[in-house]
Amino acid sequence: MKPDATALIADDEPLLRDALRRQLAEVWPELDIVAEARNGREAVRLFDERHPDICFLDVHMPGLSGVDAANHIGRRAHLVFVTAYDHYAVQAFTQGALDYLLKPVEQARLADTVSRLKARLQSSRPAINTELLLQQLSEQLAKLQGGGGKTDVLRWIRAQAGKTVRLIAIDDVDYLRSDAKYTIVAWRDGGKPAEAVVRTPLKELLEQLDAEQFAQVHRSVVVNLRAISHVKRHDNETAEIHVKGRDDVLPVSRNYLHLFRQM
Amino acid sequence: MHGWQNGASGLFLRTTILGLSATTAFAVFEAWPRRLPRWLQRWALQVVAVGVFMPVTTFVIYMLSTPEGAPPFWETPSRMDGWTHLTFAGLLLAPWTALAAIVRQKEAFARDQELAFALERSELERQALDARLHLLQAQVAPHFLFNTLANVQALVDAGSPQASAVLRSLTAYLRAAVPVLHESAATIDRELQLVRPYLELMQMRMPDRLAYAMSVDPTALNVRCPPTMVLTLVENAVRHGIDPSEEGGRIDVDVKRLGERCVVRVTDTGAGLQQSASGLGTGLTTLRERLQLIFGDAAQLRLTSGAQRGVAVEIDLPAHT
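Chains as they are written, first to last, in my numbering: chain A, 1 to 263; chain B, 1 to 321.
Just so you know, the hints here were simulated from the structure itself, not pulled from any lab data. Some hints here could point you the wrong way.
Cβ-to-Cβ under 7 Å is the rule here; a few derived chain B residues that face chain A [claimed, not checked]:
| id | residue |
| --- | --- |
| 1 | Gln-203 |
| 2 | Thr-286 |
| 3 | Arg-288 |
| 4 | Asp-297 |
| 5 | Gln-308 |
| 6 | Arg-309 |
Taking lysine to any residue pairs in the SDA-like style, the calculated list, with each CA pair at most 25 Å apart, reads [what the hints assert, rightly or not]:
| id | chain 1 | residue 1 | chain 2 | residue 2 |
| --- | --- | --- | --- | --- |
| 7 | A | Lys-118 | A | Pro-29 |
| 8 | A | Lys-163 | B | Gln-292 |
| 9 | A | Lys-192 | B | Gln-292 |
| 10 | A | Lys-244 | B | Asp-316 |
Note that the Cβ used here is the ideal one computed from N, Cα and C, for glycine as well.
Start from the sequences, fold in the hints, and give me the full structure.
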């Protein structure tokens, strides 16, 4: 007779760890829960120490997520994912024939999962190969947590001011001007003109800016089109930009003059 | 030169020239000089210019129409009479006509502006609606709701006396959250009714990772603000500060009234910007846009971050009650 099966529970919410342990005790009294982890990193460490047969992993945990932890564990244990509500994750689990539980965990559903796990342990079938699937899943989750793919456009510029970092909303920026190693950000602090310095090169910033709102007008100048008061043209194929509420005059070089041709 | 002097055609020619000169004066002073001294209104300048042009033009017409060798027109009583009549008629009619034209012009301009404003307003309304829909999704996010319910379930199953307190917090949160979504203005007091149970619930879920404190100036309670303003700040601190951090942190909510201003500050000691770079800002960006729509430059949202950990978000808004 094989010794009793062992399991690990990983969830960052202590009440939910307790609840799952209690529910498991009811439907599978012989299961020995050998470890409880508070985050993905702990789950990985405890797995390496105790080598449980089964891992119940909360998908959403600080630091390493449940999916990341699963990646580390691989085929060395049977995996069951636990999630509160994650449409995409559930879809991925179903497609990949991965075991998952929805919080709050229903007793009947848990019983189903348990009988499946028991059958697998009995036949000593190896855990299914999940490597590729988990990879895709973790990429998908990372994208979702990044704000639904809307992160391509820069919304805030981080500028160092002493020991703190000030975040400047991109709409408040009048123009950017590169200056040797730095980029000078001319912006509005509550309507008042202000300047800040960032280390990111102008070229790199420009790539992340919304092209509808910001335009390069000179090798070293990118201007917020909404901040332009007027453009004065000169005879020698150059022009200068006057910025609203500032005395600053920005140069427009010949290559960018076409931006300000009259309609 | 004969036509200048008499008959119907002569009169017609003179009046036409007079009319043209009035129109010219009107048009010229509409744009010139580009800058006027402060005490001089452009419409007044136009009307006066038209008035002055009348006798001058008439004078020029009569000078030009005097045959060579003839005495100047003011020495011929009949021509002098003609000059007087024409000038008088011109002075009587032209400035009034100019005035009427200006009024019409102003009306057309106002209509134009009104149309532009209406267009802008509908755009703003659409944006506000978008923001509210966005909030609706964020607020009663299924993830939050089901996770909290799972906790309630756990407490009930365990027969914990804490269960009823948690249910009470959840009820308070939902009661405050649901109507707020339909309103266009809230008060700080109402916001705190949302923030308190939210923090209670979060702390129940992460007792080892979340600590919080609130310090609220009672005179700020009735200050009006856009709905879910404070909640967005707190939620942001939980989601991007505490949640991604293994060791968690502390959230401080500080509301002050400084005369005509109200300052709401939410600080956390969580993951900071280094760790949760990408997600930060979606909620705050929307909030910032909403503040801009309502207050313009009168309200500011400031975001600062510690070098290693923690983020502070401060909203400084007019204390309207």
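Quick rundown of the hints versus the structure:
| no. | hint | verdict |
| --- | --- | --- |
| 1 | Gln-203 | violated (11 Å) |
| 2 | Thr-286 | violated (10 Å) |
| 3 | Arg-288 | holds (6 Å) |
| 4 | Asp-297 | holds (4 Å) |
| 5 | Gln-308 | violated (10 Å) |
| 6 | Arg-309 | violated (11 Å) |
| 7 | Lys-118/A with Pro-29/A | holds (12 Å) |
| 8 | Lys-163/A with Gln-292/B | violated (28 Å) |
| 9 | Lys-192/A with Gln-292/B | holds (15 Å) |
| 10 | Lys-244/A with Asp-316/B | holds (24 Å) |
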